[in-house]
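Q: From just these sequences and the hints, can you work out the full model?
Heads up: the sequence lines are chains A and B, in that order. Under our numbering, the first residue of the first sequence is numbered 1, with each subsequent residue one higher. Under our numbering, the first residue of the second sequence is numbered 138, with each subsequent residue one higher.
I should point out that these hints are in silico values taken from the structure, not numbers from a laboratory. This structure is a prediction, so every number in the text was calculated from the model and none was measured. Glycine included, each C-beta is placed from N, C-alpha and C at the ideal position. There may be inaccurate statements among the hints.
To be verified - Calculated pairs, EDC-like style, for lysine to aspartate or glutamate (alpha carbon to alpha carbon, straight line, at most 16 Å): (1) B/187 to A/26; (2) A/50 to A/85; (3) B/187 to A/103; (4) A/50 to B/172; (5) A/50 to B/198; (6) B/232 to B/221; (7) B/232 to A/103; (8) B/187 to A/89; (9) B/187 to A/85.
Stated by the list, open to error - Label pairs and their calculated CB-CB ranges: (10) A/62 to B/247: 11 to 21 Å; (11) B/160 to A/7: 27 to 37 Å; (12) A/22 to B/144: 40 to 50 Å; (13) B/247 to A/84: 12 to 22 Å; (14) A/109 to B/194: 27 to 37 Å; (15) A/114 to B/173: 21 to 31 Å; (16) A/11 to B/165: 38 to 48 Å; (17) A/43 to B/207: 23 to 33 Å; (18) A/114 to B/165: 20 to 30 Å; (19) B/143 to A/11: 18 to 28 Å; (20) B/250 to A/61: 26 to 36 Å.
There are 2 protein chains.
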Amino acid sequence: MTHPHSGFDPAASSLAGDVAPEVMAELLSVRSSIDNIDATLVYLLAERFKATQRVGHLKAEHDLPAGDPQRESAQIARLRMLAEEAQLDPAFAEKFLNFIISEVIQHHQAISESRRPAPGAGRPASENTAEGRDERA
Amino acid sequence: MTHPHSGFDPAASSLAGDVAPEVMAELLSVRSSIDNIDATLVYLLAERFKATQRVGHLKAEHDLPAGDPQRESAQIARLRMLAEEAQLDPAFAEKFLNFIISEVIQHHQAISESRRPAPGAGRPASENTAEGRDERA
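A: In structure tokens form, the structure reads like this:
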């Protein structure tokens, strides 16, 4: 059954022809939980990026570096500990956080660059300083 | 302040000396939301891996391949659409799902391999078939 609005078919599978119907039914039931979890992950990640975007703007406003090594190592140690509590592989949790952090640092750098006037844009040199940057960007 | 049980310091930062106290206070407030989101992500990912582990065991029991290309492309299309709704970069959502799926496929392969008797383990050859595998593994 394809969802009416999204075009998403929760039963899409390359396995369909090779699987007994009762096995397929169980597979689809578990996949439906995975689909719910994935939607939650997407909305949660969107919220996380809203928060890190706020951090990115704060850092750019105050000329702070995009990365923060002490913060990152405290986060990694905490997530490994939480992963153990949740019975998730701590090495995977660390890989996951590094994946997210590297994306966030790219965003921070982009925010910081978007605040710098383009070279030769005709602004007075005094504007090309932390104080002179366009804070609305 | 270090948390009493975890040793986690939510104020850990390499920036501390260079930042005005009111900026640091705002940074820590946003980071505290990020920390809450990250704990939620860890528990949600743990739940997702429990579900994919169930899928992995089903696939191994019924000799199905670890990957399922049609399922994966349906998932990616859906997550890109959800990401747009959530104002998350769809390219990031796709990269994220690929990151998770490649981890899941490794888990499925490990489950499938752990069910195969080790070579030379002294079992009769007839056991080295789908039917003869140790389903308790």
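Q: Hint by hint, say whether it matches the structure.
A: Each hint, compared with the structure:
Taking the CA atoms of residue 187 of chain B and residue 26 of chain A, the gap is near 15 Å; set against the 16 Å cutoff, the hint holds. Straight-line distance between C-alpha atoms of residue 50 of chain A and residue 85 of chain A comes to about 27 Å, which puts the hinted pair past the 16 Å bound. Proximity of residue 187 of chain B to residue 103 of chain A is assessed by CA-CA distance (about 26 Å); at most 16 Å being required, the pair is judged violated. Taking the CA atoms of residue 50 of chain A and residue 172 of chain B, the gap is near 13 Å; set against the 16 Å cutoff, the hint holds.
Proximity of residue 50 of chain A to residue 198 of chain B is assessed by CA-CA distance (about 42 Å); at most 16 Å being required, the pair is judged violated. Distance check on the hinted pair: residue 232 of chain B and residue 221 of chain B sit about 14 Å apart at the alpha-carbon level, within 16 Å; holds. Straight-line distance between C-alpha atoms of residue 232 of chain B and residue 103 of chain A comes to about 10 Å, which keeps the hinted pair within the 16 Å bound. A hinted pair counts as satisfied when its Cα atoms are at most 16 Å apart, and residue 187 of chain B with residue 89 of chain A qualifies at roughly 11 Å.
Among the hinted pairs, residue 187 of chain B with residue 85 of chain A is consistent with the structure: their alpha-carbon atoms are about 14 Å apart, no more than 16 Å. With their beta carbons about 46 Å apart, residue 62 of chain A and residue 247 of chain B fall outside the hinted range of 11 to 21 Å. For the pair residue 160 of chain B and residue 7 of chain A, the beta carbons lie near 46 Å from each other, so the given range of 27 to 37 Å is not met. Range check, residue 22 of chain A to residue 144 of chain B: Cβ separation about 48 Å, and the 40 to 50 Å hint holds.
A beta carbon spacing of about 19 Å between residue 247 of chain B and residue 84 of chain A agrees with the range 12 to 22 Å that was offered as a hint. Separated by about 43 Å at the C-beta atoms, residue 109 of chain A and residue 194 of chain B break the suggested range of 27 to 37 Å. Take residue 114 of chain A and residue 173 of chain B: their Cβ atoms lie about 28 Å apart, and the range 21 to 31 Å holds. At roughly 46 Å, the beta carbons of residue 11 of chain A and residue 165 of chain B sit within the given window of 38 to 48 Å.
Here the CB-CB span from residue 43 of chain A to residue 207 of chain B is close to 25 Å, well matched to the stated 23 to 33 Å. Taken as a hint, the range 20 to 30 Å holds for the pair residue 114 of chain A and residue 165 of chain B, whose Cβ atoms sit roughly 25 Å apart. At about 43 Å, the CB distance of residue 143 of chain B to residue 11 of chain A disagrees with the hint of 18 to 28 Å. About 52 Å separates the C-beta atoms of residue 250 of chain B and residue 61 of chain A, a value inconsistent with the hinted range of 26 to 36 Å.
This entry does not satisfy hints 2, 3, 5, 10, 11, 14, 19 and 20, going by the numbered hints stated previously.
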